[in-house]
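Colleague: Take a look at the letters that make up each chain.
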Amino acid sequence: MKIIETKNLVKRFNGVYAIDRLSIGIEKGQITGIIGPNGSGKTTLINLLSGVLKIDSGEIVVDETEKITRILPHQVFFYGITRTFQNVRLFEQMTVLDNILVVITERNIFSSLFEKHIEYHHKIAEEVLQKVGLWKKKNQLAANLSYGQRKLLEIARALAMKAEVYLFDEPFAGLFPEMRKIVSIIVQELKQKNKTVILIEHDIGLIRELCDYIFVMNEGRLLAEGKPESVLERKEIIEAYFGN
Amino acid sequence: MEYLIHLAILFAIYATLGVSLNLVVGYTGLLSVTHAAFYGIGAYTTAIFLTKSGVGFFSSLVSGIVIVVVISFFVGVVLSKFKGDYYALVTFGFNAIIFAVFLNWQNLTNGSLGVPGISRPELFGINFANNFNFLILALIFFVLVYFASRFIVNSSFGRVLKAIREDETAIAVFGYKTLSFKLVVFIISAAMAAVAGSLFASYITFIDPSSFQLTESMFILAIIILGGLGNLRGSILGALFLILLPEILRFVGFSSDIDAQMRQVVYGIILILLMLYRPQGLIGEYKL
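Protein sequence lines correspond, in order, to chains C and D. Residues in the first sequence are numbered consecutively from 345, following this note's numbering. Residues in the second sequence are numbered consecutively from -6, following this note's numbering.
These aren't lab readings, by the way, just hints derived from the structure by calculation. Each hint should be verified, as a subset may be incorrect.
Unchecked claim - Listed below are the simulated DSBU-like cross-link pairs for lysine-lysine, each with C-alpha atoms no more than 35 Å apart in a straight line:
no.: 1; chain 1: C; residue 1: 571; chain 2: C; residue 2: 537
no.: 2; chain 1: D; residue 1: 45; chain 2: C; residue 2: 372
no.: 3; chain 1: C; residue 1: 525; chain 2: C; residue 2: 346
no.: 4; chain 1: C; residue 1: 351; chain 2: D; residue 2: 170
no.: 5; chain 1: D; residue 1: 76; chain 2: C; residue 2: 571
no.: 6; chain 1: C; residue 1: 460; chain 2: D; residue 2: 170
no.: 7; chain 1: D; residue 1: 74; chain 2: C; residue 2: 351
no.: 8; chain 1: D; residue 1: 76; chain 2: C; residue 2: 398
no.: 9; chain 1: D; residue 1: 170; chain 2: C; residue 2: 411
no.: 10; chain 1: C; residue 1: 482; chain 2: D; residue 2: 45
no.: 11; chain 1: D; residue 1: 45; chain 2: C; residue 2: 506
no.: 12; chain 1: C; residue 1: 537; chain 2: D; residue 2: 170
no.: 13; chain 1: D; residue 1: 170; chain 2: C; residue 2: 467
no.: 14; chain 1: C; residue 1: 372; chain 2: D; residue 2: 170
no.: 15; chain 1: D; residue 1: 170; chain 2: C; residue 2: 475
no.: 16; chain 1: C; residue 1: 398; chain 2: D; residue 2: 74
no.: 17; chain 1: C; residue 1: 460; chain 2: D; residue 2: 45
no.: 18; chain 1: D; residue 1: 74; chain 2: C; residue 2: 411
no.: 19; chain 1: C; residue 1: 460; chain 2: C; residue 2: 537
no.: 20; chain 1: D; residue 1: 76; chain 2: C; residue 2: 481
no.: 21; chain 1: D; residue 1: 170; chain 2: C; residue 2: 506
Predicted model, so just to flag it, every value in this text is computed and none were measured.
If we strip away everything but chain C, and leave its shape as in the complex, we get (with noise of 0.2 Å):
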C-alpha cells in the first residue's frame, strides 16, 4: 500500500525548477531513501511533503485517498507526518524535556490552557529521551547540547509523536559512530512497528544497509528508483552521484 505519492508534484524558486513534475509512491511500513546530488530536491521535496512549503502543482496522495494539493505546517500531524530538520530545528532557549513535552500537549487551545502534564506525557517522554541517551539532560537547555545531542534530540522529539510516517532529512550527518548506531536502530526499530521512513542521506553504505527502496533525485526530477543493491550498480547512477 502507497502511504504516501506525489504526483508531477513542481515546485519552482523564481522560475527555477527545484521539483520538476516528480511522481513517486512510498510504500507503507518500509525504509525509503531519497539520494542525490546536493542541490537535486531532496530536502524541497521533504518540505513540501511537510506542509513548510507551498506546492506550486500536482497533487500529494496520502493512503491513497486523500488528495492534497495545498498542505499547512500543521495539518501535517493530522496525516501522521512528523519530521526532522536538516539544519537542526530546536527549540533553544526551552529545556531538552520540555523540547518533547511541547509537541505531545494539547493541540487545542483551550484544553492546553487547562492541562496538566500528566505521567502518560512524562512517561513518553523519558522513554524517547532514554532511547537517545539524553534522559540525563533533560534539564539543560538544548541550546548547550553538542551538535550531535542536538540531532539525537531533534530525532527524539519526532519519535515522541508517535507518527505513521517519519522524514528524516540527513539524520546521520556529523555524527559519532556511537550516535549513528543509535539512529540507525531506531530507524530499524521504527520498521518493526510497520512505520514508514523517508530517510534522506548521503552516505551509501547506510542506504544500502537500511533502505528497502530507494529514489535518486537529479535536479528535481526523478532519475531512478529500485532496490538499493540494483540502483546503486547503475552507471548513470553512479555518475549523477560521483561524477565521471
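Using the hints provided, position chain D relative to the given structure of chain C.
Modeller: For chain D alone, kept in the frame of chain C given last:
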C-alpha cells in the same frame, strides 16, 4: 508617605503593564510596540463611562476590557500576516492611529484638553479616593494579572508560546495552529493592559492623549527588556527600577538649573550601560 504611596500605585500599574506585555514579547517573541494603545483605550473607556454615563468603576472597567478584546482581535488578525521587524512596525502604526483617535475625536475624548473629573471607585462602602485604599486596589489587580499570567506561562499553552518564540515553523509542523495561539495571547495581554488603563484613569482622575503615545509603549517595552524577557518577575523588577530610578536621581546633587536635564541624561546612561553589560535584562531568560 503620600509620595511613597503615589510611587507604589504607579509601580503597580506599570508592573501590570509589564507583566502583560511580557506574555507577548518575552514568551511569544512578538515585538509589540503598541501596549500603550490598549492601555489608553482602557483608560479612555473608564474615563468616558465614569464622567458621561454615570456607571460605576467596575462596570466601566469591564466595558474597557470588552472593547479592548474586540479591537485587539482585529489588530491581532492583521498582525498575523507579519513577522519580525515588520510586526514591530505595524504595532507601531497601530499605536499612532489610536493616539490620533484620542487626539482628534473631540466629541468623545475631548481631544488634547483631555477628560477631567474622573471619579475614584467605591465598593462595599470602601472609598478608594483615599490613596492608600487605592494602592490596595491597584495591588489586588496587579496580583490577579500576575497570577493569571503565571498560570498561562506554566500551562501547556505557555510552553507552546515559548516554542513559537523559538521556531514558529518547527512547532507548526507538530500540529499547532500558531496563528491562533499568537492571537489569543495578544488579546489576553491587551485585556490586561486595559485593566491598568482603567486604574490609571481613575487614579489620576484626568487623562489626555499624551499619556498614551508611542513613547509610553517604548517605556513599557523598556521595563520588560530591562527586567528580563520571558520572566514575569523580571517585569516587576523592571517596573520597580524604571519607576524608582528617576526618583532616586532627585537626590543626586545637580545644580538646580540643569537638574531635570541631568536626571534624564543619567537615566539614559544607566539604561545604555545595563543593555551593554546585561543584554538579557536583570533576570531575563531570553534575548530579543
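Colleague: Please go over all the hints and tell whether each is borne out by the structure.
Modeller: Hint check:
no. : hint           : result
1   : 571/C to 537/C : holds (21 Å)
2   : 45/D to 372/C  : violated (69 Å)
3   : 525/C to 346/C : holds (28 Å)
4   : 351/C to 170/D : holds (27 Å)
5   : 76/D to 571/C  : violated (44 Å)
6   : 460/C to 170/D : holds (20 Å)
7   : 74/D to 351/C  : holds (31 Å)
8   : 76/D to 398/C  : holds (18 Å)
9   : 170/D to 411/C : holds (21 Å)
10  : 482/C to 45/D  : violated (58 Å)
11  : 45/D to 506/C  : violated (59 Å)
12  : 537/C to 170/D : holds (29 Å)
13  : 170/D to 467/C : holds (25 Å)
14  : 372/C to 170/D : holds (28 Å)
15  : 170/D to 475/C : holds (29 Å)
16  : 398/C to 74/D  : holds (16 Å)
17  : 460/C to 45/D  : violated (46 Å)
18  : 74/D to 411/C  : holds (27 Å)
19  : 460/C to 537/C : holds (29 Å)
20  : 76/D to 481/C  : holds (33 Å)
21  : 170/D to 506/C : holds (19 Å)
In the structure shown, a violation is registered for the earlier hints numbered 2, 5, 10, 11, 17, in ascending order.
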